[in-house]
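Engineer: Please arrange chain S on chain V, whose structure you already have, making use of the hints.
Protein chains: 2
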Amino acid sequence: MPPTVYVVSDGTGITAETFAHSILSQFDMKFRLVRVPFVDDADKAYAAARTINSAIAADGKRPIVFTTLVDSVSNAIVKGANALVLDMFQTFVEPLENELGVKSSHEIGRGHKKADTDEYKNRIEAINYSLEHDDGQSNRNLAEADVILVGVSRCGKTPTSLYLAMQYGVKAANYPLIPEDFERRTLPGGLTAYKSKLFGLSIDPARLAEIRNQRRPGSKYAAIENCRYEINEAEALMRRENIRWLSSTHKSIEEIATTVLQEIKMIDKATY
Amino acid sequence: MPPTVYVVSDGTGITAETFAHSILSQFDMKFRLVRVPFVDDADKAYAAARTINSAIAADGKRPIVFTTLVDSVSNAIVKGANALVLDMFQTFVEPLENELGVKSSHEIGRGHKKADTDEYKNRIEAINYSLEHDDGQSNRNLAEADVILVGVSRCGKTPTSLYLAMQYGVKAANYPLIPEDFERRTLPGGLTAYKSKLFGLSIDPARLAEIRNQRRPGSKYAAIENCRYEINEAEALMRRENIRWLSSTHKSIEEIATTVLQEIKMIDKATY
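One line per chain: the protein sequences are V and S, in this order.
Under UniProt numbering, the first sequence has 140 at position 140, and the numbering climbs by one with no breaks.
Under UniProt numbering, the second sequence has 192 at position 192, and the numbering climbs by one with no breaks.
No wet-lab data here; the hints were simulated from the structure.
Don't take every hint at face value.
Identical copies go unnamed one by one, so any copy, or any two together, can satisfy a pair.
[What the hints assert, rightly or not] Pairs of lysine to aspartate or glutamate residues, derived as DMTMM-like cross-links and limited to a Cα-Cα distance of at most 25 Å, are as follows:
| # | residue 1 | residue 2 |
| --- | --- | --- |
| 1 | Lys79 | Glu97 |
| 2 | Lys121 | Asp135 |
| 3 | Lys30 | Glu119 |
| 4 | Lys79 | Glu183 |
| 5 | Lys103 | Asp87 |
| 6 | Lys195 | Glu119 |
| 7 | Lys220 | Glu235 |
| 8 | Lys197 | Asp59 |
| 9 | Lys30 | Glu94 |
Quick caveat, the model's predicted, so the values are computed rather than measured.
Next comes chain V alone, as it looks inside the complex:
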């Protein structure tokens, strides 16, 4: 049995779970990761502690707990469980209090992504914007876009646009580069006015053919010669038009999005 790892949070615990996952991935072994969200009072903390204590009987070893509870009483209850408890919150709050010379609030819910805030409304607006401007569907309000991704069909524009909107409230439109553009040797109409917002994605032709074959097996669209042609033309077009671009071949959505934010100089604009 792999050891059980509990991630206990007074909110969703999504960030803590992702973070715990990346720490655990440093060990060459399997873990069973269990998220215990919404632990926002002492009763729920006792319930969480009972769940944690029950793991030994099943696993034959004591579990690991990542806690991010802000409330000291609830946190103490969870820390009383028979487990290796790693406190992802208090561990950093104490040195910060000393450095800043102020006490922290220990108020629940402050750090969570909350509805009813302007930041949240911006995110939802950005998601709607990115959906409405997916795949060149609309030329309306392109002036509002923070970034406009261009590239051939299936090179990663849509997931990247949605991720930028969802995670950062960035309004990301995207436009396909299609054979008609290559024949005309120009960008899709309407985009030239927004050249400073353009960012290109390219991809290895063999990888592109693989992805397209999953969708339309055996089609001309998916054929390696056609993928090679489209990628050559798209890269030549982006070079001619002086558009910054990257290859998405071995990059995750998160990596592409981070590079785009760096390039459009939005990565260090955040003040909280």
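Structural biologist: Quick look at chain S alone, frame taken from chain V:
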């Protein structure tokens, strides 16, 4: 000047940034949060340290650094900077090594969401699935859905579906409940076969009217009486059909998604 906070990572640093943000939100003051991604060799670590050291002159106080660098050499370089350095990685790896009786790998890139893995391909497939099954667009392959969200227009189905797909690789279809369904007093055709996958979203009528008025000001669609009617009918329908549902009024996408995962029992299915 608010203190500058650097988040230094060998990957995108997105998780660390979100986590740092939630810790800093416990302090009643502003911070300038700067993400320093892709620090994956000693040269980049020296460059990061120089950036960190330059902050004092600008801010009049030493900066705060959250580091998640896995490589000991690079991490030591960053820790040499003149700052309060909080080590989000080593702090937890050491006690874990002791508990598990094994050494960690200190290999860069293991914890990142990586392209070229099956998990990653599942995420992309889920995003495509959720997009193609957004807003009742398609009845095809509903058997493949992990969850099918239902609710009136603009209650949060689309952002929740996309988030579930993007963050968890969950195939989430969504269907609008519309006046025709209320008159027929039945679920949209085709959904009854998948009742165990259905999850409903509702929303406070006043909030719904506000959201709809932003899109179609002064329309019947957005009128409070109409919103009240639709919500009453939708909740009655969900009750009659025994569909689990929640109110999205004060909930973020992350909170809705977490509750949906709990209800469809996918929250503790992860083994890494």
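Engineer: Against the structure shown, which of the earlier numbered hints fail to hold, in ascending order?
Structural biologist: 4, 6 and 8
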